Amino acid sequence: MGNPLLAFWSRRVEREEQERRARRARLLAAAASSSKASETIFLVLRRMRAPLIVLITIFSISVLGLTLIPGVDGEGRPWRMGFFDAIYVMSYTATTIGFGEIPYEFTYNQRMWVTISIYLTVIGWAYAIGSLLALLQDRSFRQALALQRFSRKVGRLAEPFVLIAGYGRAGELLGHSMDKLGRRVVVLDRDPDRIDGLDLESYHGDVPGLAADARDPGHLGVAGLNHPCCEAVVALTDDDEANLAVVMAAVLLRPDLPVIARATTRTMVERMRAFGSPTVVNPFDVFGDHVRLALQSPASYQLLTWLESGPGAPLPQRGSPPRSGRWVVCGYGRLGRELTSDLRAQGIDVTVIDPSPHDDVDDVVVAGGFEPGVLEGVRLEDAVGFVAGTDNDVTNLSLVAAARRTNPGLFIAARQNRPSSAPLFAAMELEALLVPTEVIAHDVYAQLSTPLLYRFLQDMPARGDAWAEALVDRLSDVCGDRLQALWKVRLNIHEAPAVGGWLASGEARLGDLLRNPENREERLHTVPLLVLRGQDATLAPESEFELAPGDELLFAGWPAARRALQTTLVVDGVLDYLVTGRRQASSWLWRRLSGPRPPADAPAGTSRG
Amino acid sequence: MNLEKVVFGFFVLLAATLNFGFFIGDMRDPEVHNRYELFAAVIVNLIALVLKFGDRTQIGAVHLATSLVAALQLIAAALVYGYATYVSSAGLTEQFMAAIVSLSGGALLANVVSVVLLVVETVSFHRG
Numbered sequence: 001m002g003n004p005l006l007a008f009w010s011r012r013v014e015r016e017e018q019e020r021r022a023r024r025a026r027l028l029a030a031a032a033s034s035s036k037a038s039e040t041i042f043l044v045l046r047r048m049r050a051p052l053i054v055l056i057t058i059f060s061i062s063v064l065g066l067t068l069i070p071g072v073d074g075e076g077r078p079w080r081m082g083f084f085d086a087i088y089v090m091s092y093t094a095t096t097i098g099f100g101e102i103p104y105e106f107t108y109n110q111r112m113w114v115t116i117s118i119y120l121t122v123i124g125w126a127y128a129i130g131s132l133l134a135l136l137q138d139r140s141f142r143q144a145l146a147l148q149r150f151s152r153k154v155g156r157l158a159e160p161f162v163l164i165a166g167y168g169r170a171g172e173l174l175g176h177s178m179d180k181l182g183r184r185v186v187v188l189d190r191d192p193d194r195i196d197g198l199d200l201e202s203y204h205g206d207v208p209g210l211a212a213d214a215r216d217p218g219h220l221g222v223a224g225l226n227h228p229c230c231e232a233v234v235a236l237t238d239d240d241e242a243n244l245a246v247v248m249a250a251v252l253l254r255p256d257l258p259v260i261a262r263a264t265t266r267t268m269v270e271r272m273r274a275f276g277s278p279t280v281v282n283p284f285d286v287f288g289d290h291v292r293l294a295l296q297s298p299a300s301y302q303l304l305t306w307l308e309s310g311p312g313a314p315l316p317q318r319g320s321p322p323r324s325g326r327w328v329v330c331g332y333g334r335l336g337r338e339l340t341s342d343l344r345a346q347g348i349d350v351t352v353i354d355p356s357p358h359d360d361v362d363d364v365v366v367a368g369g370f371e372p373g374v375l376e377g378v379r380l381e382d383a384v385g386f387v388a389g390t391d392n393d394v395t396n397l398s399l400v401a402a403a404r405r406t407n408p409g410l411f412i413a414a415r416q417n418r419p420s421s422a423p424l425f426a427a428m429e430l431e432a433l434l435v436p437t438e439v440i441a442h443d444v445y446a447q448l449s450t451p452l453l454y455r456f457l458q459d460m461p462a463r464g465d466a467w468a469e470a471l472v473d474r475l476s477d478v479c480g481d482r483l484q485a486l487w488k489v490r491l492n493i494h495e496a497p498a499v500g501g502w503l504a505s506g507e508a509r510l511g512d513l514l515r516n517p518e519n520r521e522e523r524l525h526t527v528p529l530l531v532l533r534g535q536d537a538t539l540a541p542e543s544e545f546e547l548a549p550g551d552e553l554l555f556a557g558w559p560a561a562r563r564a565l566q567t568t569l570v571v572d573g574v575l576d577y578l579v580t581g582r583r584q585a586s587s588w589l590w591r592r593l594s595g596p597r598p599p600a601d602a603p604a605g606t607s608r609g
Numbered sequence: 001m002n003l004e005k006v007v008f009g010f011f012v013l014l015a016a017t018l019n020f021g022f023f024i025g026d027m028r029d030p031e032v033h034n035r036y037e038l039f040a041a042v043i044v045n046l047i048a049l050v051l052k053f054g055d056r057t058q059i060g061a062v063h064l065a066t067s068l069v070a071a072l073q074l075i076a077a078a079l080v081y082g083y084a085t086y087v088s089s090a091g092l093t094e095q096f097m098a099a100i101v102s103l104s105g106g107a108l109l110a111n112v113v114s115v116v117l118l119v120v121e122t123v124s125f126h127r128g
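Heads up: the sequence lines are chains C and P, in that order.
Numbering-wise (the numbering used here), the first sequence opens with residue 1 and increments by one.
Numbering-wise (the numbering used here), the second sequence opens with residue 1 and increments by one.
This is chain P alone, in the form it adopts within the complex (with noise of 0.2 angstroms):
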């Protein structure tokens, strides 16, 4: 066993179920989103993404880019979050919470793509 895979994976999988678990529910209601959801879904994301830099394979650079595209939906989803809360003068309206979540939801399938990106990997080793 390897411990780097594990926490490797676990951050991968962690990250899409995070971004799972915000983006499922009632697309308008805020009440079935949580903000602490979100925030936890943008930091696994962030080490996910980190954990991908440097590998020059070529799996390695689909993983860094779906990462990439996880992060960046994400962190525009909390953005708008943040402009709802704080700036807009109409607060958190259906529209706001339907637009966070819809980019959650683009968010989450790039995690798919990854994790299915590490299955595949984990299908194709071979041992010996």
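One chain only, chain C, in its complex shape (with noise of 0.2 angstroms):
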């Protein structure tokens, strides 16, 4: 504290950092303005430039001429118009009002000028006013008028919002989901339909929606990188390199940001993690632990899909995949080798089948998989499990069919690639089925709003079969068989301010916490299922566990239980009453009456901490 040195060398650091940030915030500055370049109104005046020449030098000429040629007035005098007059009569002339020969009829002279300059000021009108329609019309005009929109939009959003950059089927599904928790969401594609969509989609927000290339940094600028308010960037195109992209600009421009983003192969996500820490979600694999976790203990992936399935789920069956025995893979694309890697990991014989011959695997049956006498000629008969992960949905589904006809016992895995083809798939009742975008918008979803249940999703399947059966027991003991409320809290003076002196005492048993406030005989329906204590995560806790200031606690269980929880996290003395069994009185006046309490009864402070 007292070295200068260290001192100075602090403010050194701090200021570099202050730098550093204005540097970030001058750059991304500057790429948004260069999307901005075509602002419409100076596209309006640059395309408006001739048309209103035309239009002034034919007014000019008409004018003129009236003043110049000689006319009478009534007395038959001879007369020549005034600017005034000229130009009063060509206004309304031109504009097709026409008032008539005024201030005095028109000798034949004025009249022959006048049919002229008649037909000249329609055509100049006509010219001028189509040129407008005309730039209405305009691609590039909408889009400058779009791109205005959007940036309005996005600048006046004032809740925390999540830049999604790629709104295929995955985005599509993210964004609903989001919506549905009531958060915020801001669109960029590089197709315009989908943007145009939007408005057809039933958002209870307002979704800002751009069609442009993420790629562009200066667009992702204008979508909200630099808004104070971006809460993360998920990349979901359907190009990695683009991808890619997003996580570049998004790592450099604003490092605080959580970046999520879609890759398909092993070579892109290691180029990703290459830019600081972005989440990576590669589908094929997430698919590829998943059907490893199924085989491995049924019972951790039955948690998983349960949890992840959100509240209102029904508990799923608890599968039996065979361990051991044959596996026959159709398709060595990205999902194959995933897959062939992560059986052959666990030790499992893998076949595959695949049109174009591989070097990087063993065992390859170069075919389509649906020639007559191929399946047979990979004893499928004697195998025990069957995917079908061609990226062709016609021939998955043709291949399910004949491996099923082959051998009605067999595992099948098969993947879904069009949303379209959903109905199809539901019907031949699959043991495991991966729709990527899917996997994709669920792994997306989970990380975004309930940060806890991803963590407890990652930590869980290490610990094991008989652990996770353990815990589904006592989940379903609690809930029943559907799963109910998902919800975290955080002890610290805003969520917890009831309970700060107790959990600072050393002695906060998570048990306590979960009696019932009318009754602390009984417990409350609820399981926690993590806490968090910075970045060391306590998996299902017991009740003996010891809380401190500043947890973050992730629970399961009723929505009654969750009210019951907040009272007592909320309301002074409930806790109190929780602890020692004894009502506290909660007015002033009934605590001053019913006197100081014995030192020996009183645990360590009920006030707020």
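Hints in this document: simulated from the structure, not taken from any laboratory.
Since the structure is predicted, the reported quantities are computational estimates derived from the model, not experimental observations.
Built from N, CA and C at the ideal position, the CB exists for glycine as well.
One or more hints might be untrue.
[As the list claims (entries may be wrong)] Facing chain P, from chain C, some residues (calculated, C-beta under 10 angstroms):
no., residue
1, Arg49
2, Ile53
3, Ile69
4, Gly82
5, Asp85
6, Arg142
7, Gln143
8, Ala144
Relying on the hints, combine the two individually framed chains into one complex.
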């Protein structure tokens, strides 16, 4: 503290950090302004130059002619029209209002000139109005308008929002789930049809969308990358390169934001990880992990799918996939590769069927899989599992049907590529189904909506099958066979003002917190899933677990339990009853009247921490 | 040679010269200020104004501003002219004429700035 050198050093570091931040803000502003270059007003002005000049010229020639041509007044004396009269006459003539011949009747000379002027001015007006209408229809003009409207909407956002780059199927699913949570999203996609479709979708909140290439950092800037309310960036385009570009832009320009990106190859995952620590979701990897988990520990897989499906989901059946035996994988693409290596890592024999030969894998049969005799050729009768993993839905469905006919007892997994094939795959009643876009949407949703649950799901498989089985039993005892609410509590001054002193006492046991405030003998219908202290997570803590201030807790249980817990955390004195069994008067007067409590009985302080 | 630059320079200069032509002469004498010249000055200034639309550079913005000032002043002068001729019972008096000419003098100043800008732009343009 007293070391001047240290103080100097820390101040210097601080200043450097500030400078770096300012520099990043400048970079982003420059990138954003480059994409705003086509502001509408300048576009209109530039486009309307020629029509306006034509109009002015025609008008001035007509007016000048009228003032120069000699006419006569009411009594037949020679008379020349002044500029004011001429402008007046030409104004109503040119706009086809036509008041007549004012102030005196025209001579034939004047009429001839007016006839010529009428045609000239009508052409001028038609040209000007025509160009203006053409401009309104113009694509670049509409884009400029849309960009302006979009950036105004994003600029006005005053609540946290998630920036989704790439609004495909996965983006749509994610957007809708975030919207249901009441969170705002901003959408960027290259396809104008997808963005136009936003208006027709049933969102609760207004979703600003821009049809632009997400690879351009300027577009990301307009979409709110430098907005203080931006809470996360999600890159979900179907192009890995574009996702990498989004990750780069977000990590370099806003290092403080969490970034989640989709990647479908391992190389791309590595390239993305080179930039800081973005979270990368590889749907095939996730599916491979799920299949591996399902094989390794069915109870963990059951718990995972139950918790991931969200509130209201019925307890899924605990599958009993074959643990030993040979598998047949059709299609050695991205999914086939992941799955084959995952299965082989389990010590399972895998036979691969693929139309093109591969060197990096053994036991390959080069065939499409649907030719007669191929499935018999790989001895499907004595295999235990079958994966239809090509990128063609029709092929996958026919493969599944053929495999099932050959060997009805197979464990069958398939990949669904297009959302429109969903009913067909559902009718097939498969043991495992991969829908890449849904896997991505679920995974990103879990990370953004309830980070604690995501942490739980990450750490849970390591605990083993028996642990998971016990937890599933505990959960179904408490909740029944449908998952109830999932919620988190942070033990800080804002969310738990009434228990600060108790937490600081060092004797704060989780079990005491989970008693019913009405009757302390009753336990609340809830299961604590996770306690997060700093970076350390404790899974399914026991009731003896000691809590500390600042802990984050994730609970699953009845909504009523959530309300009861809320009461304990917020209302003074309730916790006192839960811990000691003594009701403490809640009003000041009654507290005075009941007198000071004997010190031995009193738990350390229940006052506001 | 760039035809666009020729047209642009032509109109900017013509606006200034016509304006100057109308302005020159005894301030109160209607005889030495031709109304056709004022009309031509208004029209040419309007065209010069439109020609300057849509340029987003700094010098383009100043160009546009000077033209706006000149056009507004000249239109004001024309309005005063019309008022004096048609509406006022006193007719085109010396006071009116002085007002008209001084308004056009203001416009002339703006037009001169415009010409100076044009010259500066040309001089600061390096070939290659």
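Status of the hints after comparison with the structure:
no., hint, in the structure
1, Arg49, "holds, 5 angstroms"
2, Ile53, "holds, 5 angstroms"
3, Ile69, "violated, 14 angstroms"
4, Gly82, "holds, 6 angstroms"
5, Asp85, "holds, 8 angstroms"
6, Arg142, "violated, 18 angstroms"
7, Gln143, "violated, 17 angstroms"
8, Ala144, "violated, 13 angstroms"
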